[in-house]
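For reference, the chains in residue letters:
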Amino acid sequence: NAGVTQTPKFRVLKTGQSMTLLCAQDMNHEYMYWYRQDPGMGLRLIHYSVGEGTTAKGEVPDGYNVSRLKKQNFLLGLESAAPSQTSVYFCASSHHRSSYNSPLHFGNGTRLTVT
Amino acid sequence: GQQLNQSPQSMFIQEGEDVSMNCTSSSIFNTWLWYKQDPGEGPVLLIALYKAGELTSNGRLTAQFGITRKDSFLNISASIPSDVGIYFCAGPSNSGGSNYKLTFGKGTLLTVNP
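Chains as they are written, first to last, in the numbering used here: chain D, 1 to 115; chain E, 1001 to 1114.
Be a bit skeptical, because a hint or two may be false.
Stated by the list, open to error - Not the full set, but computed from the structure, chain D residues with beta-carbon under 10 Å of chain E:
(1) Val12
(2) Met41
(3) Glu52
(4) Gly58
(5) Tyr64
(6) Pro83
(7) Gly109
In case anyone wonders, no lab produced these hints; they're calculated from the structure.
Yeah, the Cβ is synthetic: ideal placement off N, Cα and C, and Gly gets one too.
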C-alpha cells in the first residue's frame, strides 16, 4: 500500500498564479484533511472532508478551496497565490469519525514557495 | 479555538540522555496524542492516551495523560540519533461537537548529538 500520496513534492509559484495540490489515499478512508506547517506554528488545519462530495473549513481556510469528488482524492486549490501561502502542505486521512480510534495518516508533504 | 502549549520549543541533547517534554491546554481534553515528524516526512502517531492518569509506553517512549486532563507528558529514555525530529502533541477539537479535527501543538524540535 502506498498510503497517502501527495503531488507535487515541490513547487514554486509567482504571486497571482494558481495551482492544485493533489492528495490520494488507498486505504479507503472516509476522512481527509489538508494542513499547512509553518516554522514555529505547528500544523494548522485548512480544510477537511468527512466523505465523498463533502468539504468543510478548518482553522485557516482563506485563500484556499478544496474538492472531494472521489473518496480517494482530496484536492487543494490556490486560485491566486500569495507569498503568505509559502508553506509545507500536508494531506492526511483517517478511517473512523473519532480521531483517537483512527490515527491520522499523513503524506510526505508539498513544499510550496510563492515569490 | 483550543490551543495547546508545548514545551520546550527545542532541545539539544547527547546520545544516551533521557528527554522530557510536555503539553498543556487551557481546556480539558478527552484524548491526548503524540506524533513524531522525521525530517522531510509527515507526522506519524507514536502514542495515544484515552483517560486521565493513563501511562502508556511504546518502546523507549512513555507518555502520560495528566490527572487534570489539561496536560500530557512524553518521555524518551536513552535517546539515540534516530530520535531526531519534531514531536507534536495533539487532541481532538470539540468545537461544534465534532471530534474528528485535531488541534496540534507547535512542536518540540529534538536534536541528538552522537
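Here's how the hints hold up against the structure:
{"no.": "1", "hint": "Val12", "in the structure": "18 Å, violated"}
{"no.": "2", "hint": "Met41", "in the structure": "6 Å, holds"}
{"no.": "3", "hint": "Glu52", "in the structure": "16 Å, violated"}
{"no.": "4", "hint": "Gly58", "in the structure": "7 Å, holds"}
{"no.": "5", "hint": "Tyr64", "in the structure": "16 Å, violated"}
{"no.": "6", "hint": "Pro83", "in the structure": "22 Å, violated"}
{"no.": "7", "hint": "Gly109", "in the structure": "6 Å, holds"}
Against the hints set out earlier in the document, violations occur for numbers 1, 3, 5 and 6.
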